[in-house]
Structures are given as structure tokens and as C-alpha cells.
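**Q** First residue of the sequence shown: 311, per our numbering; consecutive thereafter.
Any given hint could turn out to be false.
Restraint ranges, calculated between C-beta atoms of paired labels, are given here [to be verified]:
#1 445 - 476: 22 to 30 Å
#2 360 - 490: 28 to 36 Å
#3 488 - 355: 27 to 35 Å
#4 339 - 436: 24 to 32 Å
#5 488 - 432: 27 to 35 Å
#6 343 - 434: 16 to 24 Å
Think of the hints as simulated: they come from the structure by calculation, not from any bench. Ideal placement from N, C-alpha and C gives every residue a C-beta, glycine not left out.
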Amino acid sequence: MNVINNNRLRRSLMIFAMMGSILPVASAHAATQGALGTTSTGTVTINATIAGLVQISNLTDITFSALTGAADAQQTENVCVWSNTSSKSYTIRATGNGTTGAFTLASGTNAPVPYSVAWANSASATSGTGLTTNVTSAAFTSTAVTPLCAAGASPTAKLFVTILATDQNSMIANAAYTGVLTLLVTPQ
311 MNVINNNRLR RSLMIFAMMG SILPVASAHA ATQGALGTTS TGTVTINATI AGLVQISNLT
371 DITFSALTGA ADAQQTENVC VWSNTSSKSY TIRATGNGTT GAFTLASGTN APVPYSVAWA
431 NSASATSGTG LTTNVTSAAF TSTAVTPLCA AGASPTAKLF VTILATDQNS MIANAAYTGV
491 LTLLVTPQ
């Protein structure tokens, strides 16, 4: 009988120990109640947390005009990414609107034209890290201190979109090619 009680006690202690490790820890301070009198003072502890937030802004549509097919064509865009995490880090996942999220431009029944996408952690960069459709990048770090690059802050990143000369040569003259690039930014 004593052995059974010891086993139950051990199991109970293990359960309490496990529960203590997974339950949130409350603040050590507790509200105090005021005493009856001509005045009465009480206190409360105020706790607050915020989820990781991120924002991408300063995006504009990209237009390739006067393509010649003689050289690769690249358009860049300086953008702002802000993150409220302690490291100011974020990842980016780019997805096109082609088949299975491909980075392609479409024009009716004409063959789609591929483009490539790269991302740099600085608006002054001359090249970036290539992105693969629907694949989350490694972490980047933002220098923005407010959302929307407010308060006079400069853009913090650069988007590169490139159409290779060989792909330009597959385009039909005067046909309008369009595509949508979706950029999903996640705080880290």
C-alpha cells in the first residue's frame, strides 16, 4: 500500500512539475487593495506584449519599355521594410502569378516570358540575392525605425526584376505582357 501511495505521489509531482514548465508565468506583483478610510489607495500591475509585426511599403508598379532583345533588362525599386522584432529581421517570399507561382509575364495565348527576382538589404545595392518562387529567403535585417519609412527615413531594401535578352527575343512585337509579383514579408 505504501508503494502505491509513493508511486501516486511521484506521478502527481511529475505532473505538477510539467504543468509549471508549460504554463505562463504570472508577474510577481499583484494588485493591492485599498484600506477603508477617507482616502484609499490600491495598485495594479499592467502587463503588455505585442506580436512580431512587419510592413513592406514604397512599392510601385514596374514597367519595362523599349526592350531591344540585345541585352538583359533590369528594373529596380527602392522599398521600405520595417520590423518590430528586437533584431529588426525579416524574411521575404516572392511568388509570381504564372503556373505554380512562376515568375512569368503573360500575353493572351502567347508563350509566357520568364523574369527573375532578387532582393538586397540596402537601397544602394547594385545586386541582390536571387529569390526562388514561393521559397522563403534567409533573414534580412531592416534599418527602418518606423513603419512606412516615416519620419524622413530612407528606403531600406531594393527589389530587382530582370528579363533576359534571350527571353525578350521570344516576345511577340506590340503584345502587352503582364504579371503580378507578390512579396510576403514575415518578421523574424
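**Q** Hint by hint, say whether it matches the structure.
**A** Checked hints:
A beta carbon spacing of about 24 Å between residue 445 and residue 476 agrees with the range 22 to 30 Å that was offered as a hint. A C-beta distance of roughly 31 Å is found between residue 360 and residue 490, which places it inside the suggested range of 28 to 36 Å. Restraint check, residue 488 to residue 355: a C-beta distance of roughly 56 Å breaks the suggested window 27 to 35 Å. Taking the beta carbon of each, residue 339 and residue 436 are about 53 Å apart, not inside 24 to 32 Å as hinted.
Taking 27 to 35 Å as the suggested C-beta distance range, the pair residue 488 and residue 432 conforms, at roughly 29 Å. Taking 16 to 24 Å as the suggested C-beta distance range, the pair residue 343 and residue 434 does not conform, at roughly 59 Å.
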